[in-house]
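*Asks:* Sequence lines, in order, name chains A and B.
Here the first sequence is numbered in numbering that gives the first Met the number 0, starting from 0 and rising by one per residue.
Here the second sequence is numbered in numbering that gives the first Met the number 0, starting from 0 and rising by one per residue.
Some hints here could point you the wrong way.
Straight-line C-alpha distance at most 30 Å; calculated BS3-like pairs for lysine-lysine [unchecked claim]: (1) B/Lys465 x B/Lys417; (2) A/Lys49 x B/Lys465; (3) A/Lys49 x B/Lys120; (4) B/Lys397 x A/Lys49; (5) B/Lys351 x B/Lys397; (6) A/Lys49 x B/Lys480; (7) B/Lys101 x B/Lys219; (8) B/Lys160 x B/Lys297; (9) B/Lys465 x B/Lys160; (10) B/Lys290 x B/Lys351; (11) B/Lys349 x B/Lys480; (12) B/Lys465 x B/Lys290.
Please keep in mind that the hints were generated in silico from the structure rather than gathered at the bench.
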Amino acid sequence: MGSYILKRLISAVPVLIGITVIVFLIMAMIPGDPATAILGSYATPDNVAKLNRDLGLDKPLVARYFIWLGNMLTGDFGRSFSLNRPVLDEILERFNATLILAGTSFVICSVLGVLAGVVSAARQYGLADKAITFVVLIGISIPSFFLGMMMILLFAVNLKWLPVSGMYAIYGGGDLPDLLSHLIMPAAALSVVATGVIARLARSAMLEVLRQDYIRTARAKGVGEGRVVYGHALRAAMVSIIPVLGIQAGFVLSGSVFIEIVFQWPGVGRMLVDAILKRDILLVQGGVVFVAACYVFFNICVDVAQSLLDPRIKT
Amino acid sequence: MTLLTLARRSLFAAAASAALATGMGLAPTASLAQTPPGVLIVGQIAEPKSLDPAAVTAVNDFRILVNIYEGLVQYAPGTLEVEPGLAESWEVSDDGTEYTFKLREGVMFHDGTPFNADAVKFNFDRMLNEDHPFHNTGPFPLAFFFSSVASTEVVDDLTVKFTLNEPYAPFLSNLAYPTGLIVSPAAVEANGADFGRNPVGTGPFKFAEWRSNEAVVIEKNPDYYGEAAGTDAVVFRPITDANTRVAEMLSGGIDMMVEVPPTALSEFRGEGYSVVEQAGPHVWFLILNAKEGPFADKLVRQAANYAINKEAIVNDVLEGTAEVAAGPTPPAFAWAYDESLEPYPYDPEKAKELLAEAGAEGAELTFYVTEGGSGMLDPIPMGTAIQANLNAVGFDVKIETYEWNTFLGEVNPGLEGKADMAEMAWMTNDPDTLPYLALRTDAWPDQGGFNSGYYSNPEVDELLEKARVATSQDERATLYKEMQAIVQDDAPWVFVANWKQNAVTTDRVENFTLEPSFLLDLSGVVKN
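Chain A on its own, in the form it takes in the complex (with noise of 0.2 Å):
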């Protein structure tokens, strides 16, 4: 297992190297620099090269790239433009907010969506499995951020029973039920769709095993029912259920981008898209850098868990 695991992590390296330099050259070849995006209506092009000049954007396209590759090794990733502190912090700071953000989503998508594949696998073409169905197609078909927008308005606006926007109070809160109560409405949002795409999966996944041979041993066995289906059939449909959960889980990472904007919720795919405007192209290029390692990582994880699950995978 552990030369396993070795190997995975070195395989990552390459990756990770590609993935600094296809950024890297995004940023350069996308038109706009960051001196016309901070001058605005004053970019005169002495004004424009006096800015790159102070931002150390007037090195060649090579050398800035190495001396960015070197200087984040040593755990420096620059300093914003934008937003004028160390990309670094902004990054740690943010990925904490999506992390709580996109980790409830999951866990929440990942019951849910598992419990309502089981079910309705358990009673296919039952009224359980049909109401599920329904739900689920309704589920997948809402964009999130619609979705997000309709539950401001009725929740918020209309009802005031749950605060818009943002992560914590601004006066008076910091406390856990206050980050449950700015969280609930953008957790729940975020994870419908990924809700609705599990729980198809799972169903099928759940149906395939139902049919096997040891099944029906097991409940000509006398087996009690429950135990069929959530101790025999669900533990070998994991198999094929894990890894459309880390799919899952990279949707929801990147679909909390949207519903970041909509809540306001301080999280790292809002800081992108702010990033990208604003052509801050250090923060652009760490914060890609950073996620695409956590979803590397992720990646790992997953493959291990199967591993473990089914050692017929593990090579």
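Since chain A is already given, all that's left is putting chain B on it; use the hints.
*Replies:* Positioned in the frame of chain A, the structure of chain B alone reads:
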């Protein structure tokens, strides 16, 4: 029937009736705490970049800064004219190159260090002198506002003298701009590059706290020399999404919001809110390529001005959040604005006649439109309305749309060989700025200016050069008015709109007004 089913049913009923009640707009029960009295919560459009006035360029950041800091001079309330601030009085030498300021006595920075001539010199040297030990706390993108300053001298503790390279009339209004706000030298020395997150000034509020991406909090300065602030604290919350900002306002999460989207204004016209509007030094126009193509002919440029229905754009597209522009200078510069100037009327027939006279019927035009951007209002709907108007009189307009930074990269280097017209908007602090940078022959893009349409009229050039070195405001006013009349007739641009800045407050907020400068002075505001 089991207890569980019963509970489930009543839950369903409750949810259904709640949804029904909301749907029918019945009064909801408020369970969330209201914002506390004495604390004003302002919904801003973005997280500030920094609270160092020399380092920032965005109005969003200025709105916080003007409450913490003060400049040597400031805009008199309700105008764009300069009045004393930290300087009690000043004298200008006859040749217009020496400005001597007498400073207010007994003013302290929030950190307890005294405000004096040394502090003023420190501020300008830091920005302008590359050898200054704290020049590295920059970059200072708008330092060129003061590029005419050759030296800053401490005459005595309360007297400071600026010597300029050449006479430069906008110097005083540039000092009143947020770039000229005075920071505490001791605080810059203590915090270095992080000064922008630990700001110290002399204003009616002092900095309390900056929680990244959540709020900037400023508190009443108890030792302020002038009239004390009307609130105990002001909280600036960055809420980038306009719809979310509106929802926060409707739910009572904020007391005031700026830059209300035109379509949301009607939500606030009733009970419980007040809408505040103020025209500012903003002009939205179309740059016409006067060097080549159909717009090289003045008649065709005038035809475009007649063909576009500006009333419809400001009333229907912008829902009344702007006024029709008459010329290159916004009316907010009251002293320099030519009141007699009438906007080009909407007259498609006249436009067709002019086109026929110029022999330019059916001319194909490439029109650069942006997706958004500072001061650009609602550029895509405005662009399509303009396209329809122009097509109606016989042009054939093709729109090309760009993201803002890309757009600037296309337009600023000049339209030659690429396009016939482009959207543009400017907000400035002096009537000199825009025409000087965008209408002179010496301001063509190849010479580092913003005259992207290559307009050239020696008379206008001369008037602008003269106005820049004139020392009396009356003389400058005459020159600017003359310039406006010529430019309007030459029609290098289509003059479209002057934006009215807006803000909404709840009825718990009193004494709030917007300034033509677009800055947000909150010292007198009371929150009940």
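*Asks:* For each hint, tell me whether it holds in the structure or not.
*Replies:* Verification of the hints:
1. A threshold of 30 Å between alpha carbons decides the hint, and for lysine 465 of chain B with lysine 417 of chain B the separation of about 34 Å lies outside it, so the pair is violated.
2. Among the hinted pairs, lysine 49 of chain A with lysine 465 of chain B is consistent with the structure: their alpha-carbon atoms are about 28 Å apart, no more than 30 Å.
3. At most 30 Å may separate the alpha-carbon atoms for a hinted pair to count; lysine 49 of chain A and lysine 120 of chain B meet this at roughly 23 Å.
4. Between lysine 397 of chain B and lysine 49 of chain A, the direct Cα distance comes to roughly 36 Å. Violation of the 30 Å bound is thereby established for this hinted pair.
5. Between the alpha carbons of lysine 351 of chain B and lysine 397 of chain B the distance comes to roughly 19 Å, so the proposed pair stays at or under 30 Å and holds.
6. Only pairs whose Cα atoms come within 30 Å are accepted, and lysine 49 of chain A paired with lysine 480 of chain B is rejected, the gap being roughly 34 Å.
7. The suggested pairing of lysine 101 of chain B with lysine 219 of chain B holds, with an alpha-carbon distance near 27 Å, which does not exceed 30 Å.
8. Using a Cα cut-off of 30 Å, the hinted pair lysine 160 of chain B and lysine 297 of chain B is violated, with the two alpha carbons roughly 47 Å apart.
9. Restraint check for lysine 465 of chain B and lysine 160 of chain B: the C-alpha separation of about 24 Å stays at or below 30 Å, so the hint holds.
10. A hinted pair counts as satisfied when its Cα atoms are at most 30 Å apart, and lysine 290 of chain B with lysine 351 of chain B qualifies at roughly 22 Å.
11. With a C-alpha separation of about 26 Å, the suggested pair lysine 349 of chain B and lysine 480 of chain B falls inside the 30 Å cut-off, and the hint holds.
12. Between the alpha carbons of lysine 465 of chain B and lysine 290 of chain B the distance comes to roughly 26 Å, so the proposed pair stays at or under 30 Å and holds.
Of the numbered hints listed earlier, those contradicted by the structure are 1, 4, 6 and 8.
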